[in-house]
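These are the residues of each chain, in order.
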Amino acid sequence: GNSVTQMEGPVTLSEEAFLTINCTYTATGYPSLFWYVQYPGEGLQLLLKATKADDKGSNKGFEATYRKETTSFHLEKGSVQVSDSAVYFCALAWGGQNFVFGPGTRLSVLP
Amino acid sequence: DAGITQSPRHKVTETGTPVTLRCHQTENHRYMYWYRQDPGHGLRLIHYSYGVKDTDKGEVSDGYSVSRSKTEDFLLTLESATSSQTSVYFCAIRDNTDTQYFGPGTRLTVL
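In order, the protein sequences belong to chains S and Z. Taking this note's numbering, the leading residue of the first sequence gets 1, the next gets one more, and so forth. Taking this note's numbering, the leading residue of the second sequence gets 112, the next gets one more, and so forth.
So that you can see chain S by itself, here it is in the shape it has in the complex (with noise of 0.2 Å):
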């Protein structure tokens, strides 16, 4: 079945430093690629999307490109901040009411 994969973690990184989290999926057809953030104490939050091959989302200096011929989905941001802690997931959606989420990453960045 269709699944996603993530970088366990926990990734430690000095401010500023550039950060990499690998996301790869299994599936067939072609679902949309999501990243959440989760922040202590609060819900995910969507940080970024892409619902077809080629596509790149961003927001808040986060970026990831949805590769079909990898599967993968990787996060990227080049200068990470203290206020980027947090954990990540990736997810994958497709054929209306199916989402499966991966087991998240755990970020945290040092001054």
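No lab work stands behind these hints: they were computed from the structure. Any given hint might turn out to be false.
If you anchor each label on the Cβ, the simulated ranges turn out as follows [said to hold, decoys possible]:
#, chain 1, residue 1, chain 2, residue 2, range
1, S, Q45, Z, P119, 19 to 29 Å
2, Z, T137, S, N59, 19 to 29 Å
3, Z, S118, S, E76, 34 to 44 Å
4, Z, T182, S, K52, 36 to 46 Å
5, S, Q45, Z, K122, 16 to 26 Å
6, Z, N207, S, G61, 24 to 34 Å
7, Z, G114, S, Q97, 15 to 25 Å
8, Z, S176, S, K60, 37 to 47 Å
9, S, Y30, Z, L222, 45 to 55 Å
Partial selection, computed: residues in chain S whose CB lies under 10 Å from chain Z [unchecked claim]:
#, residue
10, L19
11, S32
12, F99
13, L110
14, P111
None of the values given here were measured: they were computed from a predicted structure. Using N, Cα and C, we set each Cβ at its ideal position, and we do this for glycine too.
Given the coordinates of chain S, assemble chain Z onto it according to the supplied hints.
Quick look at chain Z alone, frame taken from chain S:
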């Protein structure tokens, strides 16, 4: 914000008591979801609804029931709470682009 509220935000109850959690949306979306989030398990789908009085089970539905008598409200009931149901519960809605938006969560402790 996507216009989703959950109540209560925190609840402590005793084993064997019934508990009802409420999710309310102001967006008039058809699909609504209940998830639980536990360390080491990520997000797991409990039940979802695809319209008034139309609901279906998710992967961890045992011990839970739901009701949707109005588009805006989706109730999750634990008929007889157990300690294994201590968790953080999130409600979500899905828009017509397959994007899910989450409520702030309810932290439930069953003693």
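Right, here's what the structure says about each hint:
A beta carbon spacing of about 21 Å between Q45/S and P119/Z agrees with the range 19 to 29 Å that was offered as a hint. A C-beta distance of roughly 23 Å is found between T137/Z and N59/S, which places it inside the suggested range of 19 to 29 Å. The hinted range of 34 to 44 Å is satisfied by S118/Z and E76/S, whose Cβ atoms lie roughly 37 Å apart. In this structure, T182/Z and K52/S break the distance hint of 36 to 46 Å, their C-beta atoms being roughly 30 Å apart.
Our hint of 16 to 26 Å for Q45/S and K122/Z holds, since their Cβ atoms are close to 23 Å apart. For the pair N207/Z and G61/S, the supplied restraint of 24 to 34 Å holds, since their beta-carbon distance comes to about 28 Å. In this structure, G114/Z and Q97/S meet the distance hint of 15 to 25 Å, their C-beta atoms being roughly 20 Å apart. A beta carbon spacing of about 39 Å between S176/Z and K60/S agrees with the range 37 to 47 Å that was offered as a hint.
Roughly 47 Å separates the CB atoms of Y30/S and L222/Z, a value that falls within the hinted 45 to 55 Å. Because the smallest distance between the Cβ of L19/S and any Cβ of chain Z comes to about 20 Å, over 10 Å, the interface hint for this residue is violated. Because the closest C-beta pair between S32/S and chain Z is about 5 Å apart, less than 10 Å, the hint holds. For F99/S, the shortest C-beta to C-beta distance to chain Z is roughly 6 Å, which falls under 10 Å, so the interface hint holds.
The beta carbon of L110/S is not positioned within 10 Å of any beta carbon in chain Z (closest approach about 23 Å), and the interface hint is therefore violated. Violation of the interface hint for P111/S is found here, the shortest Cβ-Cβ separation to chain Z being roughly 26 Å, above the 10 Å cut-off.
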